[in-house]
Amino acid sequence: MRTHNSLISKLVQSDRGGSVLLALLGIAMVLVPLLNLAVPESSALHLSTYTMTLLGKYLAFALLALALDLVWGYCGILSLGHGAFFALGGYAMGMYLMRQIGERGVYGNAELPDFMVFLNWQELPWYWFGFDQFWFAMLMVVVVPGLLAFAFGWLAFRSRVTGVYLSIMTQALTFALMLAFFRNEMGFGGNNGLTDFKDILGFDLQADTTRAGLFVASALALALGYLLSRFVVNSKFGRVIVALRDAESRARFIGYKVEMYKVGLFVFSAMLAGIAGALYVPQVGIINPGEFSPLNSIELVIWVAVGGRGTLYGAVLGALLVNYAKTYFTGAFPEIWLFALGALFVLVTILLPRGVIGVLRRKQAETAT
Amino acid sequence: MSSEANLPHDIPGANFSAAPQSRVADPEVLDTTHGPILYLEGVTVSFDGFKALNNLSLYIDDGELRCIIGANGAGKTTMMDVITGKTRPDSGSVFFGQTINLLELSETDIAQRGIGRKFQKPTVFEPLSVFENLELAMATDKRAWVSLFAKLTGEQRDRIDEVLTIIGLTTERQRRAGQLSHGQKQWLEIGMLLMQNPRVLLVDEPVAGMTAQEVERTAELLLSLGGRHSVVVVEHDMEFVRSIANIVTVLHEGSVLAEGSMSKVQNDPRVIEVYLGE
Ligand SMILES: Nc1ncnc2c1ncn2[C@@H]1O[C@H](COP(=O)(O)OP(=O)(O)OP(=O)(O)O)[C@@H](O)[C@H]1O
Ligand SMILES: [Mg+2]
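Those sequence lines, one after another, are chains A and B.
Numbering-wise (the numbering used here), the first sequence opens with residue 2 and increments by one.
Numbering-wise (the numbering used here), the second sequence opens with residue 576 and increments by one.
What the hints contain is simulated information worked out from the structure, not anything from laboratory work.
Some clues are possibly wrong.
[Claimed, not checked] Here are the simulated DSS-like cross-link-like pairs (lysine-lysine), alpha carbons at most 25 Å apart as the crow flies:
id, chain 1, residue 1, chain 2, residue 2
1, B, Lys661, A, Lys258
2, A, Lys258, A, Lys58
3, A, Lys258, B, Lys696
Assemble the whole structure, with the sequences as input and the hints as a guide.
If you want it as C-alpha cells, here you go:
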C-alpha cells in the first residue's frame with residue numbers, strides 16, 4: 002500500500018488540479034453511497050438513487066472527456082468521432098447485459114435476445130459468442146474501440162492526414178457506424194438498441210446497492226483513468242506528443258516515428274472512451290445507435306473546450322459543468338438547450354480560449370503576485 | 576581548426592565515431608572508405624514543370640565543412656529536402672556513404688542513421704522547455720513504447736548539460752523554448768542537432784537574425800565540429816561564409832555553378848555575373 006501511495010503522489014506532485022480531483026473523487030466514492038444507502042429517505046441529507054445514478058453518468062462522461070483531451074489537448078488531434086468509441090464500449094457492455102436476461106425476456110428464449118426472436122433469427126450470430134461471460138465482454142469493451150482506433154489511426158496518420166480533414170474523417174466514421182447500427186440486419190437491435198437489462202454479475206440493476214456499486218466503479222475508473230493519463234503525459238512519450246502537435250515534421254527529422262506515437266495515443270484514448278461507455282450503459286439502462294450521433298461527439302468537444310484543454314482535469318471539470326447545465330436546461334427550458342450549447346461554445350472559444358481552468362489559473366497567478 | 580582541442584562536447588570522443596554505427600541495426604553500415612559521405616548524382620526535382628534542382632551533382636567528404644551559397648530560389652533548401660527524405664527527386668541518386676541509398680529511406684530512418692538537419696525557419700518545440708527540447712533530440716531509442724518508460728540516466732543529463740554550455744543556454748534551461756529570442760532559438764536548434772550525434776549536419780541559414788556577436792560564436796561552433804562531423808552550411812551572409820569556409824559550392828538554378836576556395840569562387844566571372852555581382 003505504501004509503494005502504491007508514493008506512486009500516486011509522484012504522479013500528481015505539482016499537479017494541484019489533479020490532486021484536488023482525486024481527493025474529491027475519493028470523498029465522493031464514500032459519501033455518495035453512504036448518503037444514499039445509510040441515510041433514511043426521510044432525512045434531508047438523503048441522496049436519491051436518481052441523483053446518484055445521474056452523478057455516476059456524469060463521471061462516465063468525464064472519463065470520455067479525459068480521453069478526448071489526451072488526443073486533442075496534448076496532440077492536437079481534434080477527433081469529432083470519439084463518441085463512436087464510447088458507443089462501442091457501451092454496446093459491448095450492452096451485449097453482456099442482454100445475455101444476462103436469459104429466459105426472462107418477453108419471448109422467454111434462453112439463447113436469443115428478444116429482438117432476434119422478433120426478427121425470426123434461429124441462432125445467435127457468431128459475434129455475439131462469448132458475451133455471456135463478463136470477463137470476455139469487459140475485454141471487448143477495450144479491444145473493439147482499440148482495434149477500430151488502431152485501424153483508423155494507422156490509415157489516417159500514416160498517410161499524414163491532419164487538421165480539418167482528419168476531423169471530418171472521424172465525424173464520417175461515427176456517422177457511418179450510426180447508420181450501420183440502425184440496421185436490423187447488423188444484429189445489434191436496430192434503432193431500439195439494447196435495453197430491458199435485468200442484472201449485472203447477478204446483481205439487480207434496479208437495486209440501490211447495485212447503483213451505488215456502479216457509481217463507485219465510475220469514480221474509480223475516472224481516478225485510475227486520470228492517473229494513467231497523467232503517467233502518459235508526464236512521460237517522455239507525453240513530451241513527444243506535445244512536440245509533434247506544433248512541429249510534426251521537426252519531430253520526424255530528429256528520428257521519431259510520429260505516426261506510431263499518434264496511433265498509440267489514439268488507441269489508448271479510444272480504450273478509455275470504451276470504458277466510459279461501458280460504465281454509462283448499465284446506469285442509463287439502454288444503448289442505441291443515437292450514441293453514435295455526430296452531435297454527441299461535437300458536444301464532447303464542447304465539454305473539453307469549456308473546461309480547458311491540455312490539463313486533463315479541465316476536461317473533467319468541463320464535462321461535469323456542461324452536463325449539469327444540460328440536465329438543468331433540458332428540465333427547465335428543453336427547447337433552448339441546443340442554442341445555449343452553441344452559444345456557450347462560441348463564447349468560450351472567443352472569451353476563454355483556455356477554458357474555465359485557464360480563468361482559474363489566471364486568478365491564481367494574479368493573487369500570487 | 577585550433578579550437579578543436581578544447582571542445583567540451585568532444586571529450587567522450589569515442590562516442591562520436593562509434594555511436595551512429597552501433598545504432599544502425601541494418602547490415603548496411605555507413606561506408607566512407609572512398610572519401611565522400613554524401614553523394615548526390617544527377618538529381619532533378621521539378622515542381623509543376625519548374626526545375627528546382629536540375630541535374631545536380633555534389634559530393635561531401637567525411638569530416639568536411641562545406642558552405643553552399645546561391646541566390647534566392649537557387650535550390651539550396653530543396654537540396655536539403657532531398658537528402659533528408661522530405662522531397663523525392665524525379666531522377667538521380669542520393670547515397671549516404673557508399674552503400675546507403677537515401678531515396679529508399681523515410682525521414683525518420685534517415686535521421687536515425689545520422690543525418691541531422693537545422694531548418695531555415697528555426698523550429699524548436701515551443702511548448703517545451705529548453706532542456707526538454709534537448710532531451711527529445713538526444714540519440715536514444717525513440718520507439719513509442721520505449722519513450723513511455725524512458726528515464727534519463729546521469730550520463731544523459733551530463734550530455735544535455737554539456738550541450739547547454741556549448742550553445743550558451745545554461746541559464747535558460749527551464750525556460751519555454753517559445754519564449755527564447757530568435758538567435759537563441761537558432762542556437763537551441765543547433766544544440767538539438769548536436770544531441771543527435773549526427774555524422775552529417777545540414778544547417779540551413781544558421782545566422783539569420785543573429786547579432787554580430789552571435790554570428791561569431793556560431794562560426795566558432797561550426798568550425799569546431801569539422802573533422803568529426805561533416806557539416807553542410809547554407810548561408811547568405813558572405814562575411815560569415817568567408818569566416819568558416821574551406822570549400823564553397825555555388826548553386827545556380829538548381830545546379831552547381833562553381834566550386835572551390837572562397838577566393839577562387841569569388842573571382843569566377845560566372846559567379847560574379849549571377850550572384851556576387853548582383
Ligand atoms: N514545395 C514547392 N512547390 C513549388 N515550388 C517550390 C517548392 N519548394 C521550393 N520551390 C521552388 O523551388 C525553387 C528553389 O527553392 P529553394 O527553397 O530550394 O531555394 P533556396 O535556394 O533555399 O532559396 P532561399 O535562399 O530563398 O532560401 C524556388 O523557386 C521555390 O519557389
Ligand atoms: Mg532556402
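Comparing the hints with the structure gives:
Distance hint between B:Lys661 and A:Lys258 is fulfilled; the C-alpha atoms sit about 14 Å from each other, no more than 25 Å. With a CA separation close to 38 Å, the supplied pair A:Lys258 and A:Lys58 exceeds the 25 Å bound. Among the hinted pairs, A:Lys258 with B:Lys696 is consistent with the structure: their alpha-carbon atoms are about 22 Å apart, no more than 25 Å.
The structure fails to meet hint 2 from the earlier list, while all remaining hints are met.
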